[in-house]
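Numbered per the numbering used here, the sequence shown spans residues 9 to 432.
If you are wondering where the hints come from, they were derived from the structure by calculation, not from laboratory data.
Hints may be right or wrong, so weigh each one.
25 Å max Cα-Cα, derived BS3-like pairs, lysine-lysine [as the list claims (entries may be wrong)]:
1) Lys204 - Lys77
2) Lys72 - Lys182
3) Lys204 - Lys71
4) Lys236 - Lys71
5) Lys125 - Lys429
6) Lys182 - Lys204
7) Lys285 - Lys236
8) Lys72 - Lys125
9) Lys71 - Lys285
10) Lys182 - Lys363
11) Lys72 - Lys285
12) Lys77 - Lys379
For each label pair, taking beta carbons as the anchor points, the in silico distance ranges come out as [to be verified]:
13) Glu329 - Glu13: 24 to 32 Å
14) Asn296 - Asn139: 32 to 40 Å
15) Glu13 - Asp38: 47 to 55 Å
16) Val380 - Asp279: 31 to 39 Å
17) Glu13 - Lys379: 35 to 43 Å
18) Ala19 - Asn424: 52 to 60 Å
19) Gln278 - Pro181: 20 to 28 Å
20) Asn333 - Glu13: 19 to 27 Å
21) Leu280 - Tyr55: 38 to 46 Å
22) Leu41 - Ala19: 40 to 48 Å
23) Asp200 - Asn139: 18 to 26 Å
24) Thr196 - Asp38: 32 to 40 Å
The beta-carbon is built from N, C-alpha and C at its ideal position, and this holds for glycine as well.
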Amino acid sequence: YTLSEIRRAAATGIYDIRGAGATRKLPHFDDLLFLGASISRYPLEGYRERCDTSVVLGTRHAKKPIELKIPITIAGMSFGSLSGPAKEALGRGATLSGTSTTTGDGGMTEEERGHSKQLVYQYLPSRYGMNPRDLRRADAIEVVVGQGAKPGGGGMLLGQKISDRVAEMRTLPKGIDQRSASRHPDWTGPDDLEIKILELREITDWEKPIYVKVGGARPYYDTALAVKAGADVVVVDGMQGGTAATQEVFIENVGQPTLACIRPAVQALQDLGMHRKVQLIVSGGIRNGADVAKALALGVDAVSIGTAALVALGDNDPRWEAEYNALGSTAGAYDDWHEGRDPAGITTQDPELMKRVDPIAAGRRLANYLKVMTLEAQTIARACGKNSLHNLEPEDLVALTIEAAAMAGVPLAGTNWIPGKNGF
9 YTLSEIRRAA ATGIYDIRGA GATRKLPHFD DLLFLGASIS RYPLEGYRER
59 CDTSVVLGTR HAKKPIELKI PITIAGMSFG SLSGPAKEAL GRGATLSGTS
109 TTTGDGGMTE EERGHSKQLV YQYLPSRYGM NPRDLRRADA IEVVVGQGAK
159 PGGGGMLLGQ KISDRVAEMR TLPKGIDQRS ASRHPDWTGP DDLEIKILEL
209 REITDWEKPI YVKVGGARPY YDTALAVKAG ADVVVVDGMQ GGTAATQEVF
259 IENVGQPTLA CIRPAVQALQ DLGMHRKVQL IVSGGIRNGA DVAKALALGV
309 DAVSIGTAAL VALGDNDPRW EAEYNALGST AGAYDDWHEG RDPAGITTQD
359 PELMKRVDPI AAGRRLANYL KVMTLEAQTI ARACGKNSLH NLEPEDLVAL
409 TIEAAAMAGV PLAGTNWIPG KNGF
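Based on the provided sequences and hints, a complete structural model is requested.
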């Protein structure tokens, strides 16, 4: 791969752009194991003992916090990077599951608002499609400072995905490549962020929870500053989090693994006396119920999924293998989402390809996936003797590697040693 990349760079003089998240091997949730109950702990029966999964987000200041049935939300993915039917399907699936979805960059579509019982509006540096009416129509507002795949960098949207509708929503010229800003145009630091959050509260009559999303770079200080600025919820996105498009060198070399971000963010909340008062959402590489349970055990209130949700809708489906091959890829490996030729009709603005998405059927698939993730997390919690997912704790975990033990702050399996603690 290294040699081919050198040749490609030498031939084109252009850096490589792609979507998705980091592909390099990183310490992750797979490096943690749960300690189920035996004699020293008392397990719960799955068929007759309740295990609560609900969570309330935005309890600090908002008049109308968001009440979710499950601690798994749908991350922000823009209309523009995704098709209209895909956004509708995300809303349908989230609503069936009793959770929220998020607009992403590019504004609020009627499909998504109309089919999302609880919709979070992302307020990004680009301000594409931003208007006070939609801020008020949302159920929460997420101020995006950074993203895990590109902390400190802006996004990209290639011209072939800027259709008439996308151009109108974003006030952009049709068919011209666009690069989003890397920072907000009207504030530069935490003091300004506090003013911006107050402004958003005034616009929405203090009803809506205000989230602040940061890329997983300096999670302790970013979480602390977000809390100081008045956030109701902090979202931390690790480097396994996907993106529609950015430079590959960015995706693979900037940020920290999701596993490394959780404990510092939780510690910041604990040090401020705000753990559980300000809710923490973590995203980046969440794939199954075990990942959900592990994140919650480390102190998180909820998780968010993006790429996994697209796969659940039908992206990268093997039935389109021949068409993925024609694009020089294969089902399960397609990361050229920014090119707008997705055979599944999900990451495209092509009118014919979009017809391949049935929003009702795709929404049901997403709801099924979320149901399975929740059941898996409940299974683990009951095995640890917990009647709520939120009662899972670091004491329920051990690590398989020294790196994971140090990042997660749990003992190396078979020992009571946590690397970095007590001077060791």
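Going through the hints against the structure:
1. For the hint pairing Lys204 with Lys77, the CA-to-CA distance comes to about 30 Å; that exceeds 25 Å, so the pair is violated.
2. For the hint linking Lys72 to Lys182, the alpha-carbon distance of about 38 Å lies beyond 25 Å, and the restraint is violated.
3. At roughly 18 Å between alpha-carbon atoms, Lys204 and Lys71 fall within 25 Å of each other, so this suggested pair holds.
4. Annotation: proposed proximity of Lys236 to Lys71 holds, straight-line Cα distance about 19 Å (limit 25 Å).
5. A distance of roughly 44 Å separates the Cα atoms of Lys125 and Lys429; the hinted pair therefore is violated under the 25 Å criterion.
6. Restraint check for Lys182 and Lys204: not satisfied, since their Cα atoms lie roughly 31 Å apart, outside the 25 Å limit.
7. With a CA separation close to 13 Å, the supplied pair Lys285 and Lys236 stays within the 25 Å bound.
8. In summary, the hint linking Lys72 to Lys125 is supported, as the alpha carbons are separated by about 14 Å, within the 25 Å threshold.
9. Between Lys71 and Lys285 the alpha-carbon distance is near 15 Å, which keeps this suggested pair within the 25 Å criterion.
10. With a C-alpha separation of about 21 Å, the suggested pair Lys182 and Lys363 falls inside the 25 Å cut-off, and the hint holds.
11. For the hint pairing Lys72 with Lys285, the CA-to-CA distance comes to about 15 Å; that is within 25 Å, so the pair holds.
12. For the proposed pair Lys77 and Lys379, the alpha carbon gap of about 11 Å is at most 25 Å, so the pair holds.
13. Judged by the Cβ atoms, the range 24 to 32 Å given for Glu329 and Glu13 holds: they are separated by roughly 25 Å.
14. Evaluation of the 32 to 40 Å hint for Asn296 and Asn139 yields a pass: the beta carbon distance comes to about 38 Å.
15. Glu13 and Asp38 have their C-beta atoms about 27 Å apart, which leaves the hinted 47 to 55 Å range violated.
16. Checked against the hint of 31 to 39 Å, the C-beta distance between Val380 and Asp279 comes to roughly 36 Å, which is consistent with it.
17. Separated by about 41 Å at the C-beta atoms, Glu13 and Lys379 satisfy the suggested range of 35 to 43 Å.
18. Separation of Ala19 from Asn424 is about 55 Å and conforms to the stated range, judged on CB atoms against 52 to 60 Å.
19. Under the hint 20 to 28 Å, the C-beta atoms of Gln278 and Pro181, about 48 Å apart, miss the expected range.
20. Our hint of 19 to 27 Å for Asn333 and Glu13 holds, since their Cβ atoms are close to 22 Å apart.
21. A C-beta distance of roughly 41 Å is found between Leu280 and Tyr55, which places it inside the suggested range of 38 to 46 Å.
22. Against the hinted window of 40 to 48 Å, the Cβ-Cβ separation of Leu41 and Ala19 comes to about 46 Å, which satisfies the hint.
23. At roughly 21 Å, the beta carbons of Asp200 and Asn139 sit within the given window of 18 to 26 Å.
24. One distance hint, 32 to 40 Å for the beta-carbon pair Thr196 and Asp38, holds here, with the actual separation near 39 Å.
Figure legend: structure checked against the earlier numbered hints; hints not met, in rising order: 1, 2, 5, 6, 15 and 19.
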